[in-house]
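Those protein sequence lines, which keep their order, are chains A and B.
The first sequence begins at 15 in my numbering and counts up by one.
The second sequence begins at -18 in my numbering and counts up by one.
Errors might be hidden in some of the hints.
[What the hints assert, rightly or not] Okay, derived cross-link-like pairs now, DSS-like style, lysine-lysine, Cα gap no bigger than 25 Å in a straight line:
(1) A/K302 <-> A/K169
(2) B/K370 <-> A/K318
(3) A/K81 <-> A/K249
(4) A/K302 <-> B/K288
(5) B/K370 <-> A/K121
(6) A/K302 <-> B/K287
(7) A/K105 <-> A/K290
(8) B/K154 <-> B/K4
In case anyone wonders, no lab produced these hints; they're calculated from the structure.
A quick note: this is a predicted structure, and the numbers were derived from the prediction, not measured.
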Amino acid sequence: MNADSVKSGGEALPRRNFLKGILLAGAAAGCSTKDPFTSAAKEGGAQPSGEMVQLLSTTGEIIEVDKAFLKPTEQIPSITGMAQRMGIEGKKFVMVIDLSRCKNLKKCQESCNHAHFVSDAQNWIKIYPMQEDEHTAPYWQPTTCMHCDEPPCVKVCPVDATFKRIDGIVGIDADRCIGCRFCMAACPYSTRVFNWDTPQLPPEVLALQYSSETSCPPKIGTVSKCDFCPDMVRKGELPHCVSACPNGVFFFGDMNEDVVTNGSETVRFSELIRDKAGYRLMEDLGTKPSVYYLPPVDRLFPFKNELQSEEG
Amino acid sequence: MSHQQTISSEKITSDLLPQKFGKPGMIWTAFLVVLCLIGLFAYYRQLRYGLSVTGMRDYASWGIYISNFVFFVAISLVGSLITAIFRLTNVGWRTPLTRIAEIIAVSAILFASIIIIVDMGRPDRFWHLFLYSRLQSPIMWDVIVITTYLVLSVLFLYFPLLSDLPILIQNSKPGSRIQRLYKFVGSFWKGTAGQVALSGKAIQIISVMIIPIALAIHTVTSWLFATTYRPGWDSTNFGAYFVSGAFLVGAGGVLVAMYVFRRAYKLEAYITEKHFDNMGKIVVMLAFLYLYFNINEYLVPAFKMKKAEEHHLVSLLTGDFSVLFWSAIFFGMILPVIVLLIPKGRKPLPAFVMGILVVIGAWFKRFLIVTPTMLSPFLPMYDTPESYKTYWPTWEEWSITIASLAGALLIVTIFVRLFPIIPIHETIEENEQIKPEQV
Ligand code: SF4
Ligand code: SF4
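Let the hints inform the model, and build the full structure from the sequences given.
Next up, the structure:
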């Protein structure tokens, strides 16, 4: 899928503007060859595996590199705890969830749980079968943390373990959380989960320093929730749920730039919300969510709930 | 106080001096200690395996630890009710009850703080509350008022105790451990006019200060709930509702304690039927008050049946929690009112039974305030294992909770072993004041 630039409202939007620095992996700026990886790796005596990976170079070209020549880097530039609390300057992250496209595939949930080592019994993303009344239409409603602008969870936290960043993200510092669970009582969207047990983690994750941008490694006796994946944004990628959804339900972007993308379509946030009558959940509570919903009109898929015997 | 005029000071002293535990006392203490040990073992398991040993999960993320905490805060309000309010309004019959009420208050508020640490997922980070404290969180308000109340209550117990200490020192074996304790606590007290005036003044000041603080601990505790959006908690009534409930359970607790001490220490001459009669009437009044707030809290929202409230109200009124709900209302409020309205019902034994009902009803009422609301979220409970959709405490939770109650009783028990539960000096003084009038 390409989408270097997309026409929207008659204006070309360079996608790279939004997804800045898609390629930090090799950090080979200024190299004369187009592909710095192969030459460097061959010097080190690495054997090609035959599996090719497409990358976008720093000069904007697509290059193909053998997978064996790429070195996995450490968790890209390590950011101090303070910077994680501050957030990314100049950004105001938003998400738009298009209810008309959701068919409860749960790919978002899977990839999110996988990426964040969420325990088997728990989910950060939940996909609710919604039907307000017998005579109203049923639809699937995925929920994440709403990253409220007036976050009730942040208000009640006694130790500032859950905090609001300048880029709008509500993060959790699991090294500080005392596990009082007041934030869980305060969150009206039931989005927070608690690590009741010792999280089952691979040793290399366990060894990591906790980062509120990845919410990893989760720690026993503390809360977790959707973090809007700022680590992915720093890498120039989209949150896991956004890229995992084959139907393009999730749009993620920056309100200041007024752009959101689901990976294949990049659109103006304000126009999307205006044209499709976007709304937010539980507006009456005054929490001012950063997640917007597009109403489930003209749905792409008929609502089928036969998989779920549970009542909604 | 006509019954007291015939009692001599010596008799008062020997009647009221703390006594060694008899056999029942030893059995009782051992029983409490065993309960505490079981609770400690359960807590060790909780520390080791995390809160997963409890029945709490993501939806019911607060359970009986929190309702037990509210219960302790509630019952501790009694200290200020009996002691401060009666002192300030000069209620004559309060003297034998003040110390009972105050030691209940101290031990209850102490265990309220302990149980809140037990509830924490990371008790090892308790100090974060002071290192990173953020004043905007209602938890910090609670930390502040509860600490203040604890300090004031201890002083309020201590100052009136001072004048009894010379009597205790005099009547204990010279050089014994217990005498050393008395000397340590108050050998500086000589009962000089200056000291008496100073302590009188201090007691007066605390009496005034402790009333707003006591109201504050309970109001702030109610705000832990009322500052959220949840159905059943999102109420402007909550402070008053909690305070009135606290008065009721506190008064019920005093009725129970009066009866037990009276029987155990043969204090019939000091804690008289008149006391039961008066306390019974107070319980009736407070039960009516609490009923009034319950009607406001449940029937008014039920009249409207807003969608968000419906699940919660239905679960209480006719659903899963209805048996518990109506039992708590009937046995914890209505039945005590009926029985205590009858003069015969205010005799010691029936009043004692009603006191027990009030206290047990109040404990379950706190459970009903916390759990059904947690299980009535705005978005339906979904994408979650079946076990996450219900809440029932595990044996670890029960043991820890029971141990906390046993621990509070243990403190009271040890206190009465060491100190007179009825102020000796004050009783003698009052007795002497009455005599000249009679002559
Ligand atoms: S959705 Fe819940 S957890 Fe997320 S910011 Fe809002 S209140 Fe906090
Ligand atoms: S559980 Fe942790 S993040 Fe939530 S309010 Fe308590 S300390 Fe803050």
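How the hints compare with the structure:
1. A/K302 <-> A/K169: At roughly 14 Å apart (the allowed maximum being 25 Å), A/K169 and A/K302 satisfy the hint.
2. B/K370 <-> A/K318: Since the Cα atoms of B/K370 and A/K318 sit roughly 23 Å apart, the hinted pair holds (cutoff 25 Å).
3. A/K81 <-> A/K249: Since the Cα atoms of A/K81 and A/K249 sit roughly 19 Å apart, the hinted pair holds (cutoff 25 Å).
4. A/K302 <-> B/K288: Satisfied, since the Cα-Cα distance of roughly 21 Å is no more than 25 Å.
5. B/K370 <-> A/K121: Holds, at roughly 24 Å.
6. A/K302 <-> B/K287: Since the Cα atoms of A/K302 and B/K287 sit roughly 22 Å apart, the hinted pair holds (cutoff 25 Å).
7. A/K105 <-> A/K290: holds (24 Å)
8. B/K154 <-> B/K4: Status holds; Cα separation ~22 Å.
The structure meets every hint from the earlier list without exception.
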